[in-house]
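First residue of the sequence shown: 1, per our numbering; consecutive thereafter.
One or more of the hints may lead you astray.
[Unchecked claim] Straight-line alpha carbon distances no greater than 20 angstroms define the calculated SDA-like cross-link-like pairs of lysine to any residue that follow:
{"no.": "1", "residue 1": "K531", "residue 2": "A586"}
{"no.": "2", "residue 1": "K541", "residue 2": "S614"}
{"no.": "3", "residue 1": "K514", "residue 2": "I611"}
{"no.": "4", "residue 1": "K498", "residue 2": "N478"}
{"no.": "5", "residue 1": "K227", "residue 2": "R329"}
Hints were generated in silico from the structure; no laboratory data involved.
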Amino acid sequence: MNIKTRLFLGFLIIGIFIGVIGTISIFQIDNTLNQLIVVDKSIKSLHKSQNLLSYAINIKYYDEVLTQSARNYAFTENEKWKLQYNEIEPLLSKELSSALLLGTNIEKEFFMQVGEANDNLVEMELKAIKFVESKDSESAITILESEKYWEHKKKYQNSLTKYLESRNLEYTTLMIESTKEVDTSIETSFENTNSWRITMIVAIITIIVGALLLGFVISKSIINPIKKLQNISSQVVQGNLDVKSKINSKDEMGQLSNSFDIMIEHLKKNTDIESQLSLQQNLRNALDASAIVSIIDPNRIVTFVNDKFCEISQYSKEELIGTDQSIVRSGIHPPKFYDDLWKIISSGAVWQGEICNRAKDGTLFWNSTTIVPFSDKNGKIYEYVAIRNDITHQKNLSKKLVESERLSAIGELSARVAHDIRNPLSVIKNSLGNLKLLKNEPEKINNTIDRCDRAVDRIAHQIDGVMGFLKDSPLEMNQLSLLKIIESAIMGIQVNEKVKIILPTKDIFVYCDKIKLESLFYNLIINAIQKFKSNGIITIKSFEESKNKIVITVSDDGDSIPKNYLKSIFEPLITTKQHGTGLGLASCKKIVEQHNGTISASNDPTTFTIILPSIKSNLD
């Protein structure tokens, strides 16, 4: 089997392995995305049901407020009750319109009926208000105390009460089902990711080991004969004509060896300089038949190239001969590389190594190169013979292996994101349990629903965090309260009772993007909380260092950052935790830099220092 066939088969096998890994990777990524779509649909359905419930609660509440405002105005003639009525009535109408837009056909019909009942009540209440304005409170009270008014009122309130009871039950059931569906999807995704990771690791190790073995076998079959021929050529140059190559292979190296042996036999029969030069030409011909060959003179001018050199470089012999040898330089190697090479061969020594050259069309090609200097009987070098073998395919193989490692890193990132999503999901799950115990406590129900809503936002934040790190989004800049931004970030965090967060005593206004700055403080606070094993204190301070510079510090009394991580803590995929994406602090740095600020970390205690401009500046 010749060298070309060996290389082709080797690369074919590796290519098949890489193709299989790529196919598996695409399948696993699609599977994970499908699971995330299921999660998204469940959350949207839950959010819609939550909104309808909220609208119904608000409608019932606003109706009671309107009734009381109208009655109080009729009995007291105090203008504040009329103002309150005028303020609340549009809000009730708005809630009815929102419910009509969001509900199903059946729900729309219900809310239309509620709206008609509301119109009747409002009509009577406005009529009563006009009587009061005309100083006829008695007529107003008569309307509001009439049987017809209370008949509309009772029908209105009873309908809403029945709807809320059925909607509460439906919403609770939907919350349970959605949670189960989300848990199942996340668990399935996590299991698939673990399976994928194991498969990828085994495949990558197999490819690496196979590539190393293949490279070793191929390189050994090529380089060893070349070294042998190189040693023989050096001995021949020194006048030893009793050597033989003894390479018994049937490939190109065997052909080259036979040519060497024939050449040496001719040299033995010719002792004068002309005969030796002729035999050297035979050597060139032998090399020409099996390798990429070029010859340059001591002035670095090309004097000879073979057909294989022209084929790989895409230059003709006319374009190459007579030109400086640097015509095919790639620009990849530094000038020192070539300086060291010429020092070696100018001293009469043989040089071996790998060189990247550039073809006429701009493409790069790699060669395993041996450069042999030739001297006359006085020891003066009169030419350099360069023998090359194309190793471009081997170099490309190394590149593909690097790409495989990157795929493995993506798999690790996906697993970390899946784990981080579990935290807000647990908040939703616990809140659902609390809802079952709060059937007659609307205020607590609303607080619990708000807590679930923030947890849902956190899931979206986890996904947006990864996407946001990979893709920039434009800033929406406004002059905002720093204290309110920090408080908003804390509201989305499930804080243990044993963890105390100390906020700045004085508020400062900063020119910033609200959502991104909330994300900054969210990540820093979460980073601190996750370090605490029990009790912990997080201290946030802020002050204006100058007219246009704000300094913010976030400190905690938890464990210090390991010294070996301190310098690289803001780099992507760098984390000291057992779980996590490794993008939290990297995202923090990116957000701060988008605001033309700086962020740094220090120990004793662990402190993150942020410096931001307080006025509008030229932001990216």
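Hints, verified against the model:
{"no.": "1", "hint": "K531 with A586", "verdict": "holds (18 angstroms)"}
{"no.": "2", "hint": "K541 with S614", "verdict": "holds (15 angstroms)"}
{"no.": "3", "hint": "K514 with I611", "verdict": "holds (16 angstroms)"}
{"no.": "4", "hint": "K498 with N478", "verdict": "violated (35 angstroms)"}
{"no.": "5", "hint": "K227 with R329", "verdict": "violated (25 angstroms)"}
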